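S.K.: One-letter residues, chain by chain:
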Amino acid sequence: MSTEKTDWWVGLFVLLGAIALTFLALRAANLSSFSLAQTYSLSAAFDNIGGLKVRAPVKSAGVVVGRVSSITLDAKTYKAVVKLNMEKGFLFPLDTSAKILTSGLLGEQYIGLEAGGDETNLANHGTIQLTQSAIVLESLISQFLFNTAEKQGSETTPAPAAGQSKN
Amino acid sequence: MSLNTSLSTIGRGVRTRIGRLGTFTRFFWLLLQRSSIFLSRPRLVSQQIHFIGNYSLLIIAVSGLFVGFVLGLQGYYTLNRYGAEEALGLLVALSLTRELGPVVTALLFAGRAGTSLTAEIGLMKAGEQLAAMEVMAVDPMRRVLVPRLWAGIIAMPILAAVFSMVGILGGWIVGVLMIGIDTGAFWSQMQSGVDVWNDIMNGVIKSFVFGVAVTLIALYEGWQSRPTPEGVARATTRTVVAGSLAVLGLDFLLTALMFSN
Chain B
1 MSTEKTDWWV GLFVLLGAIA LTFLALRAAN LSSFSLAQTY SLSAAFDNIG
51 GLKVRAPVKS AGVVVGRVSS ITLDAKTYKA VVKLNMEKGF LFPLDTSAKI
101 LTSGLLGEQY IGLEAGGDET NLANHGTIQL TQSAIVLESL ISQFLFNTAE
151 KQGSETTPAP AAGQSKN
Chain Y
1 MSLNTSLSTI GRGVRTRIGR LGTFTRFFWL LLQRSSIFLS RPRLVSQQIH
51 FIGNYSLLII AVSGLFVGFV LGLQGYYTLN RYGAEEALGL LVALSLTREL
101 GPVVTALLFA GRAGTSLTAE IGLMKAGEQL AAMEVMAVDP MRRVLVPRLW
151 AGIIAMPILA AVFSMVGILG GWIVGVLMIG IDTGAFWSQM QSGVDVWNDI
201 MNGVIKSFVF GVAVTLIALY EGWQSRPTPE GVARATTRTV VAGSLAVLGL
251 DFLLTALMFS N
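These protein sequence lines map, in sequence, to chains B and Y.
Residues 1 to 167, numbered by our numbering, are exactly what the first sequence covers, in order.
Residues 1 to 261, numbered by our numbering, are exactly what the second sequence covers, in order.
In short, the hints are calculated from the structure, not lab data.
Hints should not be assumed to be uniformly reliable.
With a straight-line Cα cutoff of 25 Å, these simulated SDA-like cross-link-like pairs (lysine to any residue) come out [stated by the list, open to error]:
(1) B/K53 x Y/F38
(2) B/K99 x Y/A61
(3) B/K5 x Y/A61
(4) B/K59 x Y/S192
(5) B/K59 x Y/G193
(6) B/K5 x Y/E120
(7) B/K5 x Y/F38
(8) B/K88 x Y/S192
Simulated DEER-style distance windows between Cβ atoms [claimed, not checked]:
(9) Y/S188 x B/I71: 22 to 28 Å
(10) Y/F28 x B/K5: 28 to 34 Å
(11) Y/M258 x B/V63: 29 to 35 Å
(12) Y/Q74 x B/H125: 44 to 50 Å
Values in this document were obtained by computation on a predicted structure and should not be read as measured data.
The C-beta atom is built at its ideal place from N, Cα and C for all residues, glycine as well.
This is chain B alone, in the form it adopts within the complex:
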């Protein structure tokens, strides 16, 4: 085989490798969703973040408007401080509330923002005041069990309970 023909085939081979890597980066992974758009940062303190991870999406009305950039524990208040990288195009009012939600039953956790009605918007490095923690399945179950036990207790022994409350 002539050298030019060899070069052509080698070029094709390398091109195929480049195509494969691009395919992996864009189609299999999420390089295309990396936006180079300008971002601003917000923070929010939660009592419990459950299984929230860094780089989890921040959604408003189901649309991704930013990502979680860091999660730290405040040493004084013992609350989890979550920093959000928000896209510059989406500004939120001061009384916006943040919830930690789960997509699907076992899906990944994300932060859902619900815009309020305030006139002024949250500035860069602003703090979202209204937060709602993640629902942790164990505490939910224990709460449910506690409630049922309490209910059953009051149903089976109504008289002593009533008597005790009088004393």
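Given chain B's structure and the hints, the job is docking chain Y onto it.
M.R.: For chain Y alone, kept in the frame of chain B given last:
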């Protein structure tokens, strides 16, 4: 008496092994020192890429396709029990880019290209071509071995990437076309779960390291082979055995280093 002999047997074994490791490292160092031919005569390298890479492409692509098929079927079998068959795309993509792509490609590469490198160099040595080169003041290490080493190092990540791509397409064919998973869920689950740096780049790093290891072992075995038909045959066998074991051992090491957190 018997204690003495067994002690000296252990000592001899350790000494020869360390000595062999030293020769191997020195061999690698000598090749790296002569790597300037990569720049001065790039055509030699591209010829070897054609020989090593292009000819391995078919077996890599076909293996990738079938590994993807099987991952699709087996993954569906497991995920179906948890009602999470939508995550099939994620499972196929992660297993291929992180693990199977680099490792299976390296094992196939050791069998397909490594053996031919060893046999070629072993036969050159047996036919005294290497000695003839030295007589003509051509450094056979620089002229013969270095282009092959670099060709292997370049070809391996490309082959692994092709393997992963074809495997994902194979998983898609089984999952979406045959089983009937929603194609949107297949891709979006994959895209939300696969990370470019953590998964894909680390897979590329793995395949690069495997490329160095397998090609170097193949060249070393050829270079060190006894110049007889039997010696070449043994060297070829050793290439496959040592190459595959090195790939599996390095794979464990790299996985523990890169994916441990």
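S.K.: Indicate, hint by hint, whether the structure satisfies it.
M.R.: Status of the hints after comparison with the structure:
1. For the hint linking B/K53 to Y/F38, the alpha-carbon distance of about 45 Å lies beyond 25 Å, and the restraint is violated.
2. Only pairs whose Cα atoms come within 25 Å are accepted, and B/K99 paired with Y/A61 is rejected, the gap being roughly 46 Å.
3. A threshold of 25 Å between alpha carbons decides the hint, and for B/K5 with Y/A61 the separation of about 22 Å falls inside it, so the pair holds.
4. Of the supplied pair hints, the one linking B/K59 and Y/S192 holds, its CA atoms being roughly 14 Å apart against a limit of 25 Å.
5. The suggested pairing of B/K59 with Y/G193 holds, with an alpha-carbon distance near 17 Å, which does not exceed 25 Å.
6. In summary, the hint linking B/K5 to Y/E120 is supported, as the alpha carbons are separated by about 23 Å, within the 25 Å threshold.
7. With a C-alpha separation of about 20 Å, the suggested pair B/K5 and Y/F38 falls inside the 25 Å cut-off, and the hint holds.
8. With a CA separation close to 22 Å, the supplied pair B/K88 and Y/S192 stays within the 25 Å bound.
9. Checked against the hint of 22 to 28 Å, the pair Y/S188 and B/I71 passes, with Cβ atoms roughly 24 Å apart.
10. For the pair Y/F28 and B/K5, the supplied restraint of 28 to 34 Å holds, since their beta-carbon distance comes to about 33 Å.
11. For Y/M258 and B/V63, the Cβ-Cβ distance of about 34 Å falls inside the hinted range of 29 to 35 Å, so the restraint holds.
12. Range check, Y/Q74 to B/H125: Cβ separation about 49 Å, and the 44 to 50 Å hint holds.
Going through the hint list in order, the structure does not satisfy hints 1, 2.
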